[in-house]
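Student: The task is simple: from the sequences and hints, build the whole structure.
8 protein chains.
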Amino acid sequence: MNDIRKMLEGIRDGSVSVDDALLELKKKPFEDIGFAKVDLHRRLRQGASEVIYGAGKTPEQISGILDSMVRNGQERVLITRLSQEAAASISSRHPLDYHEDARIGIAGGMPEPDGIGTIVVATGGTSDIPVAEEAALTAEVMGNKVTRLYDVGVSGLHRTLSHLDQIMSATVVIAIAGMEGALASVLGGLTDAPVIAVPTSVGYGASFSGLAALLSMLNSCASGVSVVNIDNGFGAGYLASMINHIARKDGER
Amino acid sequence: MNDIRKMLEGIRDGSVSVDDALLELKKKPFEDIGFAKVDLHRRLRQGASEVIYGAGKTPEQISGILDSMVRNGQERVLITRLSQEAAASISSRHPLDYHEDARIGIAGGMPEPDGIGTIVVATGGTSDIPVAEEAALTAEVMGNKVTRLYDVGVSGLHRTLSHLDQIMSATVVIAIAGMEGALASVLGGLTDAPVIAVPTSVGYGASFSGLAALLSMLNSCASGVSVVNIDNGFGAGYLASMINHIARKDGER
Amino acid sequence: MNDIRKMLEGIRDGSVSVDDALLELKKKPFEDIGFAKVDLHRRLRQGASEVIYGAGKTPEQISGILDSMVRNGQERVLITRLSQEAAASISSRHPLDYHEDARIGIAGGMPEPDGIGTIVVATGGTSDIPVAEEAALTAEVMGNKVTRLYDVGVSGLHRTLSHLDQIMSATVVIAIAGMEGALASVLGGLTDAPVIAVPTSVGYGASFSGLAALLSMLNSCASGVSVVNIDNGFGAGYLASMINHIARKDGER
Amino acid sequence: MNDIRKMLEGIRDGSVSVDDALLELKKKPFEDIGFAKVDLHRRLRQGASEVIYGAGKTPEQISGILDSMVRNGQERVLITRLSQEAAASISSRHPLDYHEDARIGIAGGMPEPDGIGTIVVATGGTSDIPVAEEAALTAEVMGNKVTRLYDVGVSGLHRTLSHLDQIMSATVVIAIAGMEGALASVLGGLTDAPVIAVPTSVGYGASFSGLAALLSMLNSCASGVSVVNIDNGFGAGYLASMINHIARKDGER
Amino acid sequence: MNDIRKMLEGIRDGSVSVDDALLELKKKPFEDIGFAKVDLHRRLRQGASEVIYGAGKTPEQISGILDSMVRNGQERVLITRLSQEAAASISSRHPLDYHEDARIGIAGGMPEPDGIGTIVVATGGTSDIPVAEEAALTAEVMGNKVTRLYDVGVSGLHRTLSHLDQIMSATVVIAIAGMEGALASVLGGLTDAPVIAVPTSVGYGASFSGLAALLSMLNSCASGVSVVNIDNGFGAGYLASMINHIARKDGER
Amino acid sequence: MNDIRKMLEGIRDGSVSVDDALLELKKKPFEDIGFAKVDLHRRLRQGASEVIYGAGKTPEQISGILDSMVRNGQERVLITRLSQEAAASISSRHPLDYHEDARIGIAGGMPEPDGIGTIVVATGGTSDIPVAEEAALTAEVMGNKVTRLYDVGVSGLHRTLSHLDQIMSATVVIAIAGMEGALASVLGGLTDAPVIAVPTSVGYGASFSGLAALLSMLNSCASGVSVVNIDNGFGAGYLASMINHIARKDGER
Amino acid sequence: MNDIRKMLEGIRDGSVSVDDALLELKKKPFEDIGFAKVDLHRRLRQGASEVIYGAGKTPEQISGILDSMVRNGQERVLITRLSQEAAASISSRHPLDYHEDARIGIAGGMPEPDGIGTIVVATGGTSDIPVAEEAALTAEVMGNKVTRLYDVGVSGLHRTLSHLDQIMSATVVIAIAGMEGALASVLGGLTDAPVIAVPTSVGYGASFSGLAALLSMLNSCASGVSVVNIDNGFGAGYLASMINHIARKDGER
Amino acid sequence: MNDIRKMLEGIRDGSVSVDDALLELKKKPFEDIGFAKVDLHRRLRQGASEVIYGAGKTPEQISGILDSMVRNGQERVLITRLSQEAAASISSRHPLDYHEDARIGIAGGMPEPDGIGTIVVATGGTSDIPVAEEAALTAEVMGNKVTRLYDVGVSGLHRTLSHLDQIMSATVVIAIAGMEGALASVLGGLTDAPVIAVPTSVGYGASFSGLAALLSMLNSCASGVSVVNIDNGFGAGYLASMINHIARKDGER
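Chain order of the listed sequences is B, Z, P, C, D, X, L and W. Number 759 in the working numbering belongs to position 10 of the first sequence; there are no gaps in the numbering. Number 833 in the working numbering belongs to position 84 of the second sequence; there are no gaps in the numbering. Number 752 in the working numbering belongs to position 3 of the third sequence; there are no gaps in the numbering. Number 786 in the working numbering belongs to position 37 of the fourth sequence; there are no gaps in the numbering. Number 959 in the working numbering belongs to position 210 of the fifth sequence; there are no gaps in the numbering. Number 915 in the working numbering belongs to position 166 of the sixth sequence; there are no gaps in the numbering. Number 803 in the working numbering belongs to position 54 of the seventh sequence; there are no gaps in the numbering. Number 835 in the working numbering belongs to position 86 of the eighth sequence; there are no gaps in the numbering.
These are calculated hints, taken from the structure and not from any lab test. All values reported here derive from a predicted model rather than from experimental measurement. Please note: incorrect hints may appear among the correct ones.
Said to hold, decoys possible - FRET-style restraints, in silico, Cβ to Cβ:
| # | chain 1 | residue 1 | chain 2 | residue 2 | range |
| --- | --- | --- | --- | --- | --- |
| 1 | B | 838 | W | 833 | 50 to 60 Å |
| 2 | Z | 814 | D | 897 | 48 to 58 Å |
| 3 | W | 810 | B | 833 | 16 to 26 Å |
Quick reminder that beta carbons are idealized off the backbone N, C-alpha and C, glycines included.
Tutor: What follows is the structure, given as structure tokens:
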């Protein structure tokens, strides 16, 4: 409430007019009175990194938003669902690291990890890697250390188990799998970290574009497993970062 | 085709009239010409053991069928989906071993196992045991050695792995699980025996009465896994026995 | 690896025979080599509190398990899906706090909260309260401070917003709703804490026993939302506790 | 019934033959006896504006229908699902306002609004705008004042709430959203106007092409919400106009 | 925003301290900024009639709420989903008109209709009548004139058509049908009033508890049709009343 | 149209006034103008046999309808979905043949068959017999010769084939099966008569209450197969009778 | 059975050896013993017209089959699912009438109708016409008189009713509709002829590619309606012809 | 466990230090304790033939893997889901037999069959052949004798039955069918070999891309039928080979 106090003191001092103050209050009603904590908090946190959902936007539109963000002091911008063509076009105007698999572009480089521990991103097969990279890069750009364990599907359990230490010492595990989605249950049984399960649309026939994996993960017999939408790598990475920064947030208060 | 040959020779010899032969051919067309091999073969094989599907039949009806079977020389009869009340009623007239969990009654006792090897019947949880017992007893009554591995679900992988030897040396594995049904994939990855997956209706919410486990099992990333209907323990046991007796059948020919 | 070192030293010293050591290694193969960390860790943590899934067990069975747990030094036991009748029967032998709404029994009382912050358990309507209480009591018995915000569904947004401070200062938010399940998205937009969404089977017609809420929550436009199975209050409470204790776990290492 | 009376009087007077009258009655049975009110009424009302469903019609076909309508005195014609190419081709022969987002062409310009109040067309995200524009333009061409509130999805509640006055003073609200479709419930709780919910196919994975939003909206916990088909912007705009002109219709009688 | 302006002027004038202003802004955020209009408006309007959702409440609970409402000046209370037993119990304490078919209780009697016109409630069959009565009584208790057209299903079109005048002169039509739900389309083609379609769970086999009717109604080829949840008679009656009172509401402003 | 012609001639002749004619036209629009042919025709034809849908009606209601039908000269009445209790109660007042399996009561006895040929009613198993009897008795009461072929499911093809003559000489075949519903395809391949397929809800697990059989039958690779609703024996019998009487109907015209 | 009799007499007479007879019986078992009636009968009947399913066949393959059929005395061949390109290619070698809408090619011209009466093919909209033409042409090529009633959907009931005479006097009615599929019920209520309902994939959103129409038609409240697969115009036309030729078939026997 | 025993004895004897033993145990946990049998066993067995899943891999990637396999002594490699273009590209570097229908490439030629008996691969129609060839070639490359019975669908039962001997003498039957999938049940009733059912996505409308066939096969009334995923020819061929080699495997032990 410091900003409002200052404004009110400005009125008292004559340095701020009543009309200007009223306009300000009207313009940002939620921001000033408590509700806007939401937004305020978000802006502060997002000073570090912000997201553009690239799907359905032209390279020009994305460049425009990016320009505006950078001008407003945004250090770092994550662009998801970005085609290679769009990335090439944008790169000619802004320095951009493009990750083809994940279809992600990052402006402003990667921050130092500042989370509680490490996020493990595991996939059942190699076809799940694009979704996994979307999750991993999202987590990294939000300041997390990420360990990638790809192709550790349950039909070759020894591959999974050979990474036991990493799985058991993770702060958060992201389990990404299509087909029967059993990876989430197996990892959930091996770790006491929260497991974020991401069903992928990888598979055919009765996988019904990820439905089989989705239902499988929702019914996991392991405790501590929750599920995000099919192919939603970004959502998993974002949530994992939230969890991996909980202590820091607690410190804020 | 010996019977037909004899009949044809009878015509040639004059001992059989054309009309009688024609009638005979008309009366049992499939049996005589090759088609009835099906039935013949089945009858022969079923000298050993036969099945009564008990659901929807009164104890009187079941007793009647049982009587008739025994009178026709049936050594051993398996009655599935048999309620405790019906079993009690039938027991008063026929010696019957009743298995409450599996809701199975067996008349004539268990045969000596004569299959190729051992059938492993594994379940994800304790709630899957009734389906598992239906499978196991069906297999046993058909002459198979059965190893039961119950409650070895994937969320406690150490339990599964502690039975590695049995899983790896099985001739056929029956994997029975509700919820996310991941057991089939895990076992399929641990053994090179055929895995018959039985989804169960155990679970709640988005398990949709076994649909989640069914889809999961159909999409198994492990090779060598096939699926039977939800809760179909009998079908799995029957099929496992078929597979476990293939060599014997081959010898028959 | 200290236990193994001791055992190996015992062999060297002659105080442990090779056969005994071998048996021990064979008996607990996964436990000793690293894999069993899973189990070990679980037992340690579960020294504080353990769970019995009450559904499908007789009061006698539950009492038996409870006895055994208490004898083995278990301080506190949570029994879920426990009917009032079973609770009454068990209570006659063990002191038990029974929570009728949540169908939960707790032996050993509540621990002091030792999590990072507060878990908010919010419901869309009053009919969602049983699931919410299952979540809240699970979280409490695992050592979490819980704030209950019931009946704050989105069709009366002012009710939701009047709890803005609690929602925004939570470490974890559990959003429980049937019907259209919009609560998860609204709460997800108001807080930067992880939101665990629990669809409930509350509703009728095209709610299809929670499917509508489930799909709605999986498609939440808010970041930081993940979903557990329909009516799975226990799972949500357990996962929330995991997240709310992440710092402590980090300290362990 | 005036026409029939005249015809009957014509028979009486001898100016109409019985056969001619019979033929007339047979030819237009429904029209003359009361049923045809439907059609008559429709034609009268449609003097103001008529609709051509453009999908699956060639530019030539559309031009032909448009010609015929204009020749028959149609002031204004709305063409929905019209591609840009078709619009360009038609424009060369008829003056046509083409709206690319909504894929709508309008011949004859916009009428003055003559409804009871204002129709609010709100969307959850920017991807829902094409459906919203179809709804808004349909409503405008039918004589309604429309307020557009785009991208006010529930995960950023402050955006929604900043338009509270417009939402609360609307005569009808059209809530258009994909993904979890929570907008309909939130708006339904903020206004006492009827809310027409339009699920859109925007989303991915478990949105199942709009099914998640559809089920969500059908299960809205807010009263006064009804639902039209997925992506059916035209239907929503048409229905909203019906409701917004109810008083006028009442005056007609 | 007048109150805030006054307060700000008070600061400028020195009659209000900055601290007091700050406290005031913090204390009543929603009320002061406009948001609380929602609740205020609702409370005013609901002076006339209020609803208790009876399902899952004991007669005692319902009586308690009813008492409290009446004490607070509520003229008239509608209780939905009320069993006959509960109604009998409540009746002993409050005068109550109970409608068994609709499972609705009404305290305070029916008001005079004050809507724009007449609401037609039509059903496809006699089994749909309970849902229809819920809709009709809800509309009546909210001050609407209702015409009931029951059992006018489309397989006997002459029955439907014999009520053409009533259908065509309605202000709002509620079309209630199970099975194939075609009634909504047929009525939608016969009237230019808004049609609120209510699928019912009446039917068997592939009606899938109302899903067939629901999909059918959502896909109506008639314009002006929208759909509420399966069996949601209350929702349809409530919405119809909203529409039928639009002119009055407009006058309010 | 003869009545109308007479009336019009009456106007011409002066024996009928214009006002009277107008009133007459207005009063009975459908009957007089051609539409009511529907009803008239139906009434005439239904002189022979009429149907009461017994589900959800009290024995008193059924008796009342039956009384009224008989008083109006109805020779024969079919009551479907009639419980044994209701049948007993009705029997005390009306002579009634009750068929317990089919839950059908018939008043007035069976007519002589007068159809073109024979209707074969075949079932896959014994559990489908209640649906089959509903079909068979419906067909018989409408004047058809029926051949019952029960338990001829495709897994024992020799049973099916042993009835080849009857199947091939049928005028219409009704194929009734649950589980995988393959009977319809097999019979469709064996006969050139129309096959009416009736999926039944017999089965378990992934039969999803008849959905598997329904989809199977809709996708039949045999030509000449059409499908009615799950368990709809009455509908199949009724339609089969329609087809088996087509020649007679043709003669009527 | 004449051939077999002759052979048996040959054995008796010594003109046929037992081995030759046995070989003959073994070689053509089904044909000789009664089963082959199926095939024989089919071949006889199909002397008049035969069908080639064109989808997935090259023009060369179709031409080859056509050649072979014509050489074997086939008068008339119907080719379904035939693309315009394939038709053009085939036409260069065989005279072929190609119907673009229906994607049907006919070699050998149309036969004189020889069915019992007239088949009405009705559609709900203009988009259903391709399916309708497939049905109509199939029926015509099989010797039926067909009346086309297109675009008589139930939302404009006057259009439907203006064809009442044709609908009521049909021998068979084919009702083809997408979207809500109500046409089948409406026509079923207007005629006492069998109604073959064909759901089409016309529609969008919640029509789910014809599922809405399919379910609607299966749940028709009108008696005498049965359903074929989505878009299966050929199946409907073929079945209608079967029904419309029943008398002739009866005469054959 | 011999290695561990030796090591433990070494400790006792002083020839192995505790630290070295500890390191050894830590380094190769799975191999030493028994778990690694899995991998070892697999590697040994896969000396004969290995599989590359070609979908989503570039020709370069496939060539690379192939190179590496051959260099490591792999005799024979099966590449599934291989496009013609990729095959052509690979062929220029490695000798490769490409099967266009099955989209399978085989390097190293076919082995001599060494299974127990013959595998029958049967299809319902010609469109199922690509899936069938995938199954048949997979089985052949794994050392099985395969009999192909294509286009023996149940609507022409005589075709099926004309292959009765082959069906009855098979060791394993693979039944491949789309549409209604009845083939599995019919074959299951004709043979006592295990039947592996493969639903295909062949069909249209309500086949829902193979769902109808899948459900049909899961509900087969024949015993001994299990199901793999839609279009999963490889899985069926692989499983059939497993079963057909069971005796050999048994001998191995």
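Student: Looking back at the hints listed earlier, which ones does the structure fail to meet?
Tutor: The structure breaks only hint 1.
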